[in-house]
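> Assemble chains B, C and D onto chain A, guided by the hints.
4 protein chains.
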Amino acid sequence: MRIGFIGLGRMGGGMARSLIKAGHEVTVWNRARDKAEGLGREGARIAAGLSELAGCDPVITMVADDAATEALVLGADGLVAVMRPGSTHVAMSTISVALSERLSRAHAQAKQGYVAAPVFGRPESAAAAKLFVVVAAPAREIDKCRPAFDAIGQRTFVVSESPADANLVKLSGNFMIGSVIEALGETVALMHKAGIDPGRYLEIMTNTLFAAPVYKTYGDLIAAEKYQPAGFKAPLGLKDIGLVLAAAGAQRVPMPVASLIRDRLIGLIAQEGEDIDWSAIALIAARNAGL
Amino acid sequence: MRIGFIGLGRMGGGMARSLIKAGHEVTVWNRARDKAEGLGREGARIAAGLSELAGCDPVITMVADDAATEALVLGADGLVAVMRPGSTHVAMSTISVALSERLSRAHAQAKQGYVAAPVFGRPESAAAAKLFVVVAAPAREIDKCRPAFDAIGQRTFVVSESPADANLVKLSGNFMIGSVIEALGETVALMHKAGIDPGRYLEIMTNTLFAAPVYKTYGDLIAAEKYQPAGFKAPLGLKDIGLVLAAAGAQRVPMPVASLIRDRLIGLIAQEGEDIDWSAIALIAARNAGL
Amino acid sequence: MRIGFIGLGRMGGGMARSLIKAGHEVTVWNRARDKAEGLGREGARIAAGLSELAGCDPVITMVADDAATEALVLGADGLVAVMRPGSTHVAMSTISVALSERLSRAHAQAKQGYVAAPVFGRPESAAAAKLFVVVAAPAREIDKCRPAFDAIGQRTFVVSESPADANLVKLSGNFMIGSVIEALGETVALMHKAGIDPGRYLEIMTNTLFAAPVYKTYGDLIAAEKYQPAGFKAPLGLKDIGLVLAAAGAQRVPMPVASLIRDRLIGLIAQEGEDIDWSAIALIAARNAGL
Amino acid sequence: MRIGFIGLGRMGGGMARSLIKAGHEVTVWNRARDKAEGLGREGARIAAGLSELAGCDPVITMVADDAATEALVLGADGLVAVMRPGSTHVAMSTISVALSERLSRAHAQAKQGYVAAPVFGRPESAAAAKLFVVVAAPAREIDKCRPAFDAIGQRTFVVSESPADANLVKLSGNFMIGSVIEALGETVALMHKAGIDPGRYLEIMTNTLFAAPVYKTYGDLIAAEKYQPAGFKAPLGLKDIGLVLAAAGAQRVPMPVASLIRDRLIGLIAQEGEDIDWSAIALIAARNAGL
Chain A
0 MRIGFIGLGR MGGGMARSLI KAGHEVTVWN RARDKAEGLG REGARIAAGL
50 SELAGCDPVI TMVADDAATE ALVLGADGLV AVMRPGSTHV AMSTISVALS
100 ERLSRAHAQA KQGYVAAPVF GRPESAAAAK LFVVVAAPAR EIDKCRPAFD
150 AIGQRTFVVS ESPADANLVK LSGNFMIGSV IEALGETVAL MHKAGIDPGR
200 YLEIMTNTLF AAPVYKTYGD LIAAEKYQPA GFKAPLGLKD IGLVLAAAGA
250 QRVPMPVASL IRDRLIGLIA QEGEDIDWSA IALIAARNAG L
Chain B
0 MRIGFIGLGR MGGGMARSLI KAGHEVTVWN RARDKAEGLG REGARIAAGL
50 SELAGCDPVI TMVADDAATE ALVLGADGLV AVMRPGSTHV AMSTISVALS
100 ERLSRAHAQA KQGYVAAPVF GRPESAAAAK LFVVVAAPAR EIDKCRPAFD
150 AIGQRTFVVS ESPADANLVK LSGNFMIGSV IEALGETVAL MHKAGIDPGR
200 YLEIMTNTLF AAPVYKTYGD LIAAEKYQPA GFKAPLGLKD IGLVLAAAGA
250 QRVPMPVASL IRDRLIGLIA QEGEDIDWSA IALIAARNAG L
Chain C
0 MRIGFIGLGR MGGGMARSLI KAGHEVTVWN RARDKAEGLG REGARIAAGL
50 SELAGCDPVI TMVADDAATE ALVLGADGLV AVMRPGSTHV AMSTISVALS
100 ERLSRAHAQA KQGYVAAPVF GRPESAAAAK LFVVVAAPAR EIDKCRPAFD
150 AIGQRTFVVS ESPADANLVK LSGNFMIGSV IEALGETVAL MHKAGIDPGR
200 YLEIMTNTLF AAPVYKTYGD LIAAEKYQPA GFKAPLGLKD IGLVLAAAGA
250 QRVPMPVASL IRDRLIGLIA QEGEDIDWSA IALIAARNAG L
Chain D
0 MRIGFIGLGR MGGGMARSLI KAGHEVTVWN RARDKAEGLG REGARIAAGL
50 SELAGCDPVI TMVADDAATE ALVLGADGLV AVMRPGSTHV AMSTISVALS
100 ERLSRAHAQA KQGYVAAPVF GRPESAAAAK LFVVVAAPAR EIDKCRPAFD
150 AIGQRTFVVS ESPADANLVK LSGNFMIGSV IEALGETVAL MHKAGIDPGR
200 YLEIMTNTLF AAPVYKTYGD LIAAEKYQPA GFKAPLGLKD IGLVLAAAGA
250 QRVPMPVASL IRDRLIGLIA QEGEDIDWSA IALIAARNAG L
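Chains A, B, C and D supply the protein sequences, listed in that same order.
Mapping the first sequence onto numbering that gives the first Met the number 0, position 281 (from 1) lands on 280, and the numbers just tick up by one.
Mapping the second sequence onto numbering that gives the first Met the number 0, position 136 (from 1) lands on 135, and the numbers just tick up by one.
Mapping the third sequence onto numbering that gives the first Met the number 0, position 58 (from 1) lands on 57, and the numbers just tick up by one.
Mapping the fourth sequence onto numbering that gives the first Met the number 0, position 113 (from 1) lands on 112, and the numbers just tick up by one.
Chain A on its own, in the form it takes in the complex (with noise of 0.2 Å):
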C-alpha cells in the first residue's frame, strides 16, 4: 500500500518504521524535518508538506493530542482538504472522543473514509511491532487498512462501526492503567514502611492473580523508582484522564478513581515537572506516607 504518515514522536517513528519493514511505500511529514530525514534513511519518501500525501491511502496520523490533530486534518490546507475523495484518514493518536465525533463528519462530508485506531503499548511495544490497535469503524474501511494494522500490531480488535468508540475504548484502557499505578503506589508505599521488600511484593502479585504485562511493567518502574527517562509523560497521561473524564461527564458516568488519578497528575507535575513518566504518581504516593 501507499501509505501516508504524519507524526513521528516516540509512538509514531516505530510504527512508520515497522510499515516500511512490511514493504509499504511510506511517505512521511513530520512538523520537525529531522526526524523526518531519519526514516528518509530507512526507505520512507519525505513529503514537504500535506498536499504530497494526496496519492496516499491510507493516511495515517499519530500526533500529540487533540490539538495537532485537528489542525493538521481541519485546518486550512489540512487532511480533509488535500486527500482525495475514497481516500481513508486512519487517527491513531489518543484524541478525545468529541473531535473523533468532528473528524468523522468531515471526512463524510468530503466523501473520505475515517477510521479510528487508536493503540495500547508504549515506546518499546512500537519499535517491535507489538502493540494492539483497537479500531472502529464500518467494516470496509478496517478491510482496507488492515494490513497496515497487521505491521504494526500484535493483534487487532474491531470495536464497533462508530469510530469514536475505539478511541473512548481506547481512553478507558489508559484509566484502566492509571488506576494499575495508582494501586501499585499505595501499595509499595504500604510495603515499604512496613519493612518488607517491594520487589517480593511485586513477584507475588505478578505471578499470581496479577499476571499481566502492566502489572510487571509498572511494578518493575515503580519498584525501581525509575521515572525518567519518561516513556510516557506525565502530561500525556493528565491529557488521557481529563479526556476520559469529558467523556465520562458527556455521558453522566461519575469515576471517582479516575477523579482521584488527575489530582495525582496534577500534583505530580506541580512537584516534579513535566520531564516524568506518569507512572511517578506512585512517588506522589510514597511522599505523601512520608518516605
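Hints in this document: simulated from the structure, not taken from any laboratory.
Treat the hints with caution; some may be incorrect.
In this list, chains with the same sequence are indistinguishable; a pair is considered to hold if it fits within one copy or across any two.
Stated by the list, open to error - In silico DSS-like pairs for lysine-lysine, Cα to Cα no more than 27 Å straight-line:
| id | residue 1 | residue 2 |
| --- | --- | --- |
| 1 | K192 | K238 |
| 2 | K215 | K129 |
| 3 | K215 | K192 |
| 4 | K192 | K110 |
| 5 | K34 | K110 |
| 6 | K34 | K129 |
| 7 | K143 | K110 |
Quick caveat, the model's predicted, so the values are computed rather than measured.
Leaving out everything else, chains B, C and D in the frame of chain A:
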C-alpha cells in the same frame, strides 16, 4: 502428616478436602457440626472439641475473621492452651496484622510454632486445590508445613520470617483486587452509557494489557451482573479493606483508593444487604451513573 | 448612569430591577424578548439589538455561561464591536478564568474598559439587592461602576487589578459552598440512619461553629429535602465546579474535594435530571447510604 | 455542687478552672500530679486516687481518648466501682459512640447516672468558658448537671435522651470542621499559585457566606501557616475522624469526605510528626500543589 483443620466454610471445606485427597490424616473441627460430618464421610476424623486436636501438627485455622480466630486461639481452652510445645499453628484466615503479631507472641511463649499463611483464591480455587499460598515464618516452620501447602495450593510464596508480613501482603492483594473491581465498575458503566458492548470492551482489555485472572474473573461477573450467590461476600470485603486501612494507618500510609473502596462497600451493603458478592460495588458505580 | 443590562434570567432580572429602583437609566436586552418586556413595564428601555446599547456605560452582562458570554461579547456585532471606546463592560456572570482573560485583552484592544464582577447569592438575594459583589479591575474602572454595584449588592469586595482574579475568587467560593453541601449531606445521612433528628443536628451546628448563612440556607434545604424548584440548578453547579477544576488544573493545584463534588453532581444529573437544585447532591449521599 | 473532675489537659484544665470560678467545690484528679497541683493553688481539692471522688456528684471526665476513658471508668477501681449509686458521671471527652453505649450500660447496672456531654471549642474557648456543650441523657440527669455546663460553656444544646447521640453529633461536628479546613486548604493553595493574596481571599469569604467562627479561626491559621503550637493535634484529629468513620461504617453510611480527611491526616503525621495542629492538612494540600 496428622493435620488438624478448623473452619469448614466455603474456603476451608475445599482446603480440608484437598488435604485428605493428598493422603494426609486430617482431624477436623467446626463450630457447626454438620459440616464436619460431611468431611467425615470423605475420610476426616471429627474432633468433638479443640483438645482432640492436641496430637495434630500442624493445626490449620481457616475461620471468618479476627474475632473468630482470636476466640479460637487465645480463648480459654483455645489452641495456645491445648497444642503441644513444638507443634505448629498455621493461620490461613485473612486476619489483621495486629492480631497476627499477637498470635505470634502467644505461641512463642507457649513454645509453639506459628505460621501465617493466608491464601489467594475464591471457593472454586479452594475446591480445585488451585489456591496461592502466601507464607511468612521462620524457614524451619515453613519447611515442616510445606506438604500441607502443596496439597492445598498451586504455588506457595514465602514473604519473610515475620508471620504478620504475610498477612499484610494478603490484605494488600485484596485491596488490589478491590481496585480492579472498582476500575472495571467505572469503565463498564461508561461503556454501557456510551452504547458500547461491555463484553466486547472486556474482551479487548483481558486480551491485551489486562490478561490476568483477576480481570477475567471479575470482568465476567460485572458484565453479567452476576453478584449472587456471592463467592466473597461484601461484608468480608469490607472487613479486609478495613484491615488494610488499619494497617496502613498504623504505618502512616494514606491509601485513597482503599478509602474509596471502603465507602463503596458500605454503600453496597446499605443498599443491597449482606448476601451479595463484593464485586457488586460495580452495581453502585452503575447506579450512580443512573443505570 | 445610563446602564446597559444583558441577561434577564433568575439572577439578572432581579439585578436589573435593583438598578432601576436605584434610579439608573437602564436599557435591557435579552435573547427571549418576553422577559425584557416585563422589565419594560417597570421602567427599563428595551433594546432591539446589542447596537442600541452603544450609548450605555457601563454595559453589564449576566448570562448563563462561557459560551453565551463569548458569543455576546466576542461574536460578530458583539459588545466589543458595538461599545464605544472609553466605555466599560462589566461581566457579572460566573465565567472561566480563561475567558475572562480573553475578554480583558479584547476590550483593551478596542480601548474599552473591562471589569469582572461576579456575585455571591441566590435569586432571592438578587431580588432583595443583597448580593455580594466581588470585583477586580483597575481602580478607576471600579470607581466608575461602583454606583451600579451599590444598587445591586449589600457589599462590594475588591480583589485586585486583574479582572480574572475576581472570577477565580468567585469560582473558589462556589467550590466552598459545594464543600459545605457535601459535608452536610454526609452528616445528615448519618444522623438519619442513627435516628437523630437532622433538624436538631443542624440547629446545633448553625448556632455554634457554623453560624454562617451558607449553612443555614443549605441546611434547611437538605433537612427538608426541598430540591425543587431549583435556586441553582445542578448543571450550573457542575459547570462552575468544572471551571474551578480547569483553573486549578492550569495552576497545577490538585483539589480532591472539588473532584468529589464534580462526581456527585454528575451522578445527581444522571439520576435526577437537570431541573434539580445542586444541593441535591445530599440526596445522592442519602441514597448511597440506603435511605 | 461538689464536682469531681478528671483530666487536666489543655481542655480540661480550663474547664475545671471555670467550675472553680463559678463557685463550685471541685475535687480534681489527674494522672500527672503536677497539673492537679496547679489547680490546687486555684482552689481545687486534690484527690490522691479515684476513690476520693466517691462523694462528688457529678464526676466529670475529660481525658484524651477511648482507651483512657475506658480504663478510668470501667477498669478495676474505676468510676463505676467507686461512684455512689444515684450519682452521675458526665463524660465530656470526645469518645466513640460504641464506648459511650458501653458506659451507659455499665453505669445503669451500677444504678449510676450517665451523661454524654462533649464540647466544641479549642483550648482558648475552654479557658474563657466559651465552649459549646452538646448533651444527651434523660432530662433529670441533664437538669442536675446544668450548673456545671453553665459554668463551662456559653451555651448548652440537648440532643436527645440517648447519651451516645451527643457523641455522634460531636464527632460529626469535628468532621464538619475538618471539611472546612480541607476546603480552605485547597482554595488557599489555589490562590497562592494564582498570585492572589490568601488573606484578601479569606477576608471576602468570611465576610460573606462564610461568616462563621470556624472559617475565621482556621482561615487565619492557614493563611499564616501557623500550625505550631498545636491547639488540636493531628493525632487527635485522626482519632476523631476515625471515630466518625467507625460510627458511619456501623450505620452503613459512606462518607467520602471523611475518608479523604483521614488520608490527609495520616499523610500529615507521616510527614510532619505528631506535634502539629490538625489544620496543617492545608500544608499537605499546599505541598501537593508544589508550594
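> Which numbered hints are broken by the structure, listed smallest first?
Hints 4, 5 not satisfied by this model.
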